[in-house]
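From just these sequences and the hints, can you work out the full model?
Keeping their order, the protein sequence lines are chains A and B.
Here the first sequence is numbered in our numbering, starting from 16 and rising by one per residue.
Here the second sequence is numbered in our numbering, starting from 2 and rising by one per residue.
The set of hints was computed from the structure by calculation and includes no laboratory data.
Backbone N, C-alpha and C define an ideal beta-carbon position, used for all residues, glycine too.
Heads up, some of the hints might be wrong.
What the hints assert, rightly or not - The calculated label-pair distances, taken between Cβ atoms and stated as ranges, are: (1) SER67(B) with PRO120(A): 37 to 47 Å; (2) PRO120(A) with GLN84(B): 36 to 46 Å; (3) ALA85(B) with PRO120(A): 39 to 49 Å.
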Amino acid sequence: MKRYISFLIFLLVACSTPEPTAVSPTPTTPPTPPTTATAVSQSTLPPATIAPTQPAATASATAVVAETAVSTATTLPTATAPTQPVITAGRTDDGAYFRGDPNAPITMIDYSDFL
Amino acid sequence: MLGTEPDIVANYVETGQVKLVFWPVLNHGDFSIDSHLAAECVAQQNMDAFWVIHEQLFMKQNELWSADRDYYVETAVSIGIDQAAFEACYDGPTGLDAITELDAIRRERGIFSQPVFDINGTLLAGRQSFEVFEQAFQALLP
Numbered sequence: 016m017k018r019y020i021s022f023l024i025f026l027l028v029a030c031s032t033p034e035p036t037a038v039s040p041t042p043t044t045p046p047t048p049p050t051t052a053t054a055v056s057q058s059t060l061p062p063a064t065i066a067p068t069q070p071a072a073t074a075s076a077t078a079v080v081a082e083t084a085v086s087t088a089t090t091l092p093t094a095t096a097p098t099q100p101v102i103t104a105g106r107t108d109d110g111a112y113f114r115g116d117p118n119a120p121i122t123m124i125d126y127s128d129f130l
Numbered sequence: 002m003l004g005t006e007p008d009i010v011a012n013y014v015e016t017g018q019v020k021l022v023f024w025p026v027l028n029h030g031d032f033s034i035d036s037h038l039a040a041e042c043v044a045q046q047n048m049d050a051f052w053v054i055h056e057q058l059f060m061k062q063n064e065l066w067s068a069d070r071d072y073y074v075e076t077a078v079s080i081g082i083d084q085a086a087f088e089a090c091y092d093g094p095t096g097l098d099a100i101t102e103l104d105a106i107r108r109e110r111g112i113f114s115q116p117v118f119d120i121n122g123t124l125l126a127g128r129q130s131f132e133v134f135e136q137a138f139q140a141l142l143p
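In structure tokens form, the structure reads like this:
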């Protein structure tokens, strides 16, 4: 009987839950907020395509070139095609009679009598 | 001029390289006055027609020594000139004043014979071959 009681006492001691031990509280650091929201998402999303697609690049390059050409055209004198001579008949400032291009590089005056 | 004029016109005037000016010289009295007056009166109506009668008068040079008022009226009408307007000019003072003024100017410039050609200030006296004109033109063209 004594053995049985001792045995019970032994079991009782062995199965007793230990007392919680006192733990000194450690300072909790506040959670660091993510620097960027995308940083969190980048890890999940596929890498973004940085270079534009070829047609778009061409279009944009063309647009840039065209815009540049337009802007250039507005600032620089445009090349003019050679002008056609204006052949006409008229009077000189003195009242004589001329034919040909009034702006011709050469003027030939024919001082003549019909006789 | 007429002689080499068609070649000059075809090769240099119509290409815009030469402006051809005709300046009346009245060195033969009334014969000169009547012919140049007719040309002036045509010019007053139509400058293109002037160059038509200019060519015709040079071609019919021998007829001009005996030409009268009717001759010039008929010539002007034949090239499409209004007869009444031509006659008013031919019989009035404006046409005569115009050609005599031009004649006076050429004398002031020292032009006393004809033909005399002034090519950008260089004078050539007397009739010239087309080659002479061409050489003068080529020397002045860029």
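Here's how the hints hold up against the structure:
Taken as a hint, the range 37 to 47 Å holds for the pair SER67(B) and PRO120(A), whose Cβ atoms sit roughly 42 Å apart. At about 40 Å, the CB distance of PRO120(A) to GLN84(B) agrees with the hint of 36 to 46 Å. Range check, ALA85(B) to PRO120(A): Cβ separation about 41 Å, and the 39 to 49 Å hint holds.
Against the hints set out earlier in the document, no violation occurs for any number.
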